[in-house]
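Novice: Below, each chain spelled out in residue letters.
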Amino acid sequence: MPQVTLTVNGKQHTATVEGRTLLVELLRETLGMTGTHVGCDTSQCGACVVHVDGKSVKSCTMLALQAEGASVVTIEGLAAADGTLHPMQEMFREHHALQCGFCTPGMVMSAIDLVNTHPQGITEQEIREGLEGNLCRCTGYHNIVKAIVAAWPLMHGKVAAE
Amino acid sequence: MGFEGIGASVRRKEDQRFLNGKGNYTDDINRPGQTYASIKRSDRPHAKILSIDISAAKAAPGVLAVFTGADLDAEEIGGLPCGWQIHNKDGSPMAEPKHPVLAVGKVRHVGDPIAVVIAETRQQAKDAAELLVIDLEDLPAVAGVRDAIAPGATAVHDDAPGNICYDWHLGDKAMVDAAFASAHKVVRLDLLNNRLIPNAMEPRAAIGDFDVNSGDYTLYTTSQNPHVIRLLMGAFVLHIPENKLRVVAPDVGGGFGSKIYHYAEEAIVTWASAKVRRPIKWTAERTESFMSDAHGRDHDSTAEMAIDAEGHFLALRVNTLCNMGAYLSTFAPAVPTYLYATLLAGVYKTPAIYVEVKAVFTNTVPVDAYRGAGRPEATFLVERLVDAVAKDTGIDKIELRRKNFIPSDAFPYQTPVALQYDSGDYTATLNSALKAADYAGFEARRQTAAAKGKLRGIGISTYLEACGIAPSAVVGSLGARAGLYEVANIRVHPTGSVTVFTGTHSHGQGHETTLAQLVCEQLGVPMSQVEVVHGDTAKIPFGMGTYGSRSLAVGGTAMVKAMDKIIAKGKKIAAHLMEAAVEDIEFKDNVFSVAGTDKTKTLTDISLAAYVPHNYPIEELEPGLDETAFYDPKNFTFPGGCHIAEVEIDPETGVTTVINFSAVDDVGRVVNPMIVEGQIQGGVAQGIGQALLEAAIYDKEGQLLSGSMMDYTMPRADNLPNISVGTETTLCTHNPLGVKGCGEVGAIGSPPAVINALVDALKEYGVRHINMPATPQKIWSLIQAGKPALAAE
Chain C
1 MPQVTLTVNG KQHTATVEGR TLLVELLRET LGMTGTHVGC DTSQCGACVV
51 HVDGKSVKSC TMLALQAEGA SVVTIEGLAA ADGTLHPMQE MFREHHALQC
101 GFCTPGMVMS AIDLVNTHPQ GITEQEIREG LEGNLCRCTG YHNIVKAIVA
151 AWPLMHGKVA AE
Chain L
1 MGFEGIGASV RRKEDQRFLN GKGNYTDDIN RPGQTYASIK RSDRPHAKIL
51 SIDISAAKAA PGVLAVFTGA DLDAEEIGGL PCGWQIHNKD GSPMAEPKHP
101 VLAVGKVRHV GDPIAVVIAE TRQQAKDAAE LLVIDLEDLP AVAGVRDAIA
151 PGATAVHDDA PGNICYDWHL GDKAMVDAAF ASAHKVVRLD LLNNRLIPNA
201 MEPRAAIGDF DVNSGDYTLY TTSQNPHVIR LLMGAFVLHI PENKLRVVAP
251 DVGGGFGSKI YHYAEEAIVT WASAKVRRPI KWTAERTESF MSDAHGRDHD
301 STAEMAIDAE GHFLALRVNT LCNMGAYLST FAPAVPTYLY ATLLAGVYKT
351 PAIYVEVKAV FTNTVPVDAY RGAGRPEATF LVERLVDAVA KDTGIDKIEL
401 RRKNFIPSDA FPYQTPVALQ YDSGDYTATL NSALKAADYA GFEARRQTAA
451 AKGKLRGIGI STYLEACGIA PSAVVGSLGA RAGLYEVANI RVHPTGSVTV
501 FTGTHSHGQG HETTLAQLVC EQLGVPMSQV EVVHGDTAKI PFGMGTYGSR
551 SLAVGGTAMV KAMDKIIAKG KKIAAHLMEA AVEDIEFKDN VFSVAGTDKT
601 KTLTDISLAA YVPHNYPIEE LEPGLDETAF YDPKNFTFPG GCHIAEVEID
651 PETGVTTVIN FSAVDDVGRV VNPMIVEGQI QGGVAQGIGQ ALLEAAIYDK
701 EGQLLSGSMM DYTMPRADNL PNISVGTETT LCTHNPLGVK GCGEVGAIGS
751 PPAVINALVD ALKEYGVRHI NMPATPQKIW SLIQAGKPAL AAE
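Chains C and L are the protein sequences, given in the same order.
In terms of the numbering used here, the first sequence has 93 at position 93, counting the first letter as 1, and numbering is strictly consecutive.
In terms of the numbering used here, the second sequence has 213 at position 213, counting the first letter as 1, and numbering is strictly consecutive.
Keep in mind that the hints were calculated from the coordinates and are not lab data.
Just so we're clear, the structure is a prediction, and the values are computed from it rather than from any experiment.
Any given hint might turn out to be false.
The calculated label-pair distances, taken between Cβ atoms and stated as ranges, are [as the list claims (entries may be wrong)]: (1) 790(L) x 123(C): 35 to 41 Å; (2) 132(C) x 785(L): 29 to 35 Å; (3) 33(L) x 15(C): 17 to 23 Å; (4) 132(C) x 600(L): 57 to 63 Å.
Positions of the beta carbon are idealized from the N, C-alpha and C atoms, including for glycine.
Kindly produce the complete structure, drawing on both the sequences and the hints.
Specialist: Dropping the structure here:
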């Protein structure tokens with residue numbers, strides 16, 4: 001069986017995988033990092049979103065072997081070493097943007113990418129459209145949108161241009 | 001530390017682990033030596049099983065075992081039990097066909113499990129399951145209730161003639177008939193309540209783990225009620241006594257009812273783990289969830305309201321056909337009866353009500369309680385019918401409601417359909433919602449939208465529900481085979497910190513926070529020193545779990561009762577230590593004091609004395625400070641309120657946008673306003689989903705067409721508006737907290753508000769009713785059909 005070498009949350013791993021092994025299976029089952037979740041089998045729900053080389057990716061839609069040499073960040077890699085939460089995590093807590101917590105890892109990873117890719121500011125409508133690929137059954141999205149609005153200035157260190 | 005007691009929007013304790021990816025969901029758990037199960041399911045709706053050839057699967061790499069229904073039968077494994085027995089009009093019991101764990105002889109719905117393969121890896125189990133050779137002979141199948149009861153329809157079960165599970169009724173038929181005979185006017189509406197698929201984001205999963213040395217079984221499962229699963233599976237299916245069976249429901253990623261029930265896979269992995277002497281994990285793929293998680297709703301009803309010349313409701317007559325699916329799920333029979341028919345009075349003083357309900361077997365996935373369970377179906381029917389009365393009589397829809405409301409001074413109020421409401425103020429919630437929605441400014445907004453070629457409508461739903469389930473004796477007399485009390489154990493540790501062991505279960509509701517707030521309030525212990533433990537039969541004395549918005553009203557009250565015992569015992573210890581009479585001891589904010597003196601002892605002084613009883617009334621009092629209470633509620637609780645939806649339709653495409661949604665609910669006392677608001681927003685999102693997007697679609701032969709998230713329209717962020725939530729409070733009169741419950745109100749009140757708004761938007765097109773979901777295609781077609789009528793005016 002082939003081998004794959006990749007960096008996850010700053011640490012390098014080498015693993016033997018089947019050709020058909022998905023990135024999310026490598027993370028959850030081989031590396032034991034169960035923060036990234038699987039909520040569907042059709043790439044619809046987004047519970048498995050991680051960052052691959054800085055971009056949000058549904059890890060159920062990428063083969064583990066395709067991550068050769070890549071740098072992957074998962075929900076476990078967001079908080080600082082001293083436990084300080086990433087501003088997006090902090091705003092999710094502050095605005096009660098999670099209930100059962102199952103969609104949360106993918107939702108937070110998508111939200112961070114959404115804010116990163118909108119350096120000039122982001123509207124509520126853009127957030128709602130940007131979250132199309134992430135399903136949440138608990139919150140009705142209201143508080144998730146609020147959390148992302150609140151995280152934008154914290155992540156960009158400024159108030160959005162009007 | 002700020003105020004953390006009742007009324008504080010304390011941020012949630014559980015979020016720390018969820019936000020860091022450290023939740024502990026069932027599929028995250030791995031046991032040493034774990035194997036994996038893959039379940040082969042029927043892809044046919046109704047067929048005879050002619051043969052099952054397991055030889056190739058059994059010989060496949062990594063396979064440990066293959067089991068079929070015959071293997072379970074050989075060990076006299078029971079069928080999956082039903083927890084509620086309804087009686088027919090003639091007093092005879094409902095039809096209750098066996099629900100085999102693995103199909104025997106026949107398959108009866110797409111998704112019916114036929115065989116299980118256990119292998120070293122998940123992929124090996126899946127690969128081997130593909131090698132099973134199953135010879136099925138198709139039988140005619142029925143999916144819809146009307147087809148199922150048609151003469152000559154195929155029989156889903158030989159022991160359920162005419163596919164009737166039960167034919168049940170409630171209310172005074174003679175009184176209703178008399179009222180109809182003398183009525184000024186009768187308004188009739190035919191309605192469908194669409195079948196929904198719950199789709200909690202975490203797919204169901206189960207791990208069976210048999211300990212060869214002790215003979216103990218452990219089941220880790222995605223359940224809302226682990227003790228109920230232990231009871232049902234242990235006593236009725238696998239015949240394992242409670243002392244040998246532990247059920248753990250760890251972090252659970254949403255339930256909405258679908259994780260109440262005892263499912264076949266739980267029994268399969270538990271039983272099979274003893275066969276292969278290894279732990280076995282099964283995790284549903286989403287496609288399996290669609291065809292094996294219990295579905296919700298699916299009613300076909302006729303409703304008629306008799307009114308007098310002024311628009312007073314005189315009598316309500318309802319006839320409902322409800323789809324049970326192929327087998328009876330755990331609580332299915334109760335949903336269209338005691339959680340539906342009893343709610344048909346709504347918030348109105350309709351003096352006479354008669355309802356007939358026929359439950360029907362079909363070749364579809366079993367239907368059971370889904371968020372709201374029966375009350376959304378009742379509310380949709382009543383609130384649509386009230387709007388139809390307004391339309392047919394020309395009476396303003398708000399005036400009509402006010403005219404028929406149960407007045408706020410009429411409580412306790414006995415309805416003609418069994419329930420006695422304890423409190424409420426429907427005028428208050430209506431007025432507050434009208435203000436929140438700027439109802440007065442709507443006509444101007446309608447004009448503005450019309451100028452842009454858009455059709456605006458506004459819809460109201462004034463509703464009520466019954467939750468906090470339920471008084472055991474009452475539900476027992478109505479057919480429940482369980483009690484519905486709740487259990488709490490409060491353990492004050494030697495240094496005064498507290499662990500709460502609750503029989504309720506949190507799968508998104510935030511109990512670790514809300515229940516801890518009750519301890520802050522009553523014992524004065526800070527949140528940082530309170531831990532809430534749930535979801536493990538080895539730790540919790542007993543429990544009935546979380547559903548029917550019962551956790552606070554029933555489980556919270558059990559906590560209050562247990563804490564009362566803690567305080568009572570603490571007073572005795574304090575009296576001994578301070579050499580005072582017990583009657584003179586007062587307790588407030590963590591401190592015991594002798595009335596009229598400055599003598600005090602903290603709870604920690606008392607707990608220390610209780611665990612280090614050197615100076616202690618040992619002759620009359622046991623050491624320790626650890627109390628348990630079982631609380632059986634005196635009545636249901638009755639949250640209610642008013643939901644207002646404002647919608648805009650693009651007539652070119654039929655696409656509906658919900659512009660504003662305002663909910664004002666009376667959920668009794670609010671412990672954590674932030675969490676309550678979130679619960680209501682989430683419920684409303686599911687209600688809007690039902691109204692506009694979601695539908696489980698079967699073709700006529702019983703094939704599930706909406707079998708994936710590509711086909712079933714889940715609400716996404718850009719389908720939903722911001723959801724404004726307000727509360728108006730009247731207290732529940734029969735529990736000490738005054739709480740009513742907030743988990744389901746959003747899903748109950750909202751669907752008719754949305755449909756009423758759409759009918760309002762389309763009033764010029766002659767539209768009187770729209771069945772859910774109001775998809776763009778349906779709306780566009782109504783607009784096309786209505787154009788000639790509009791042109792003729």
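Novice: Is it true that the C-beta distance of residue 33(L) to residue 15(C) lies inside 17 to 23 Å, as the hint says?
Specialist: holds (21 Å)
Novice: Tell me if the beta carbons of residue 790(L) and residue 123(C) are separated by a distance inside 35 to 41 Å.
Specialist: At roughly 36 Å between Cβ atoms, residue 123(C) and residue 790(L) fall inside 35 to 41 Å, so the hint holds.
Novice: CB of residue 132(C) to CB of residue 600(L), is that within 57 to 63 Å?
Specialist: holds (59 Å)
Novice: Could you see if the CB distance from residue 132(C) to residue 785(L) stays within 29 to 35 Å?
Specialist: holds (32 Å)
Checked against the numbered hints above, the structure violates none of them.
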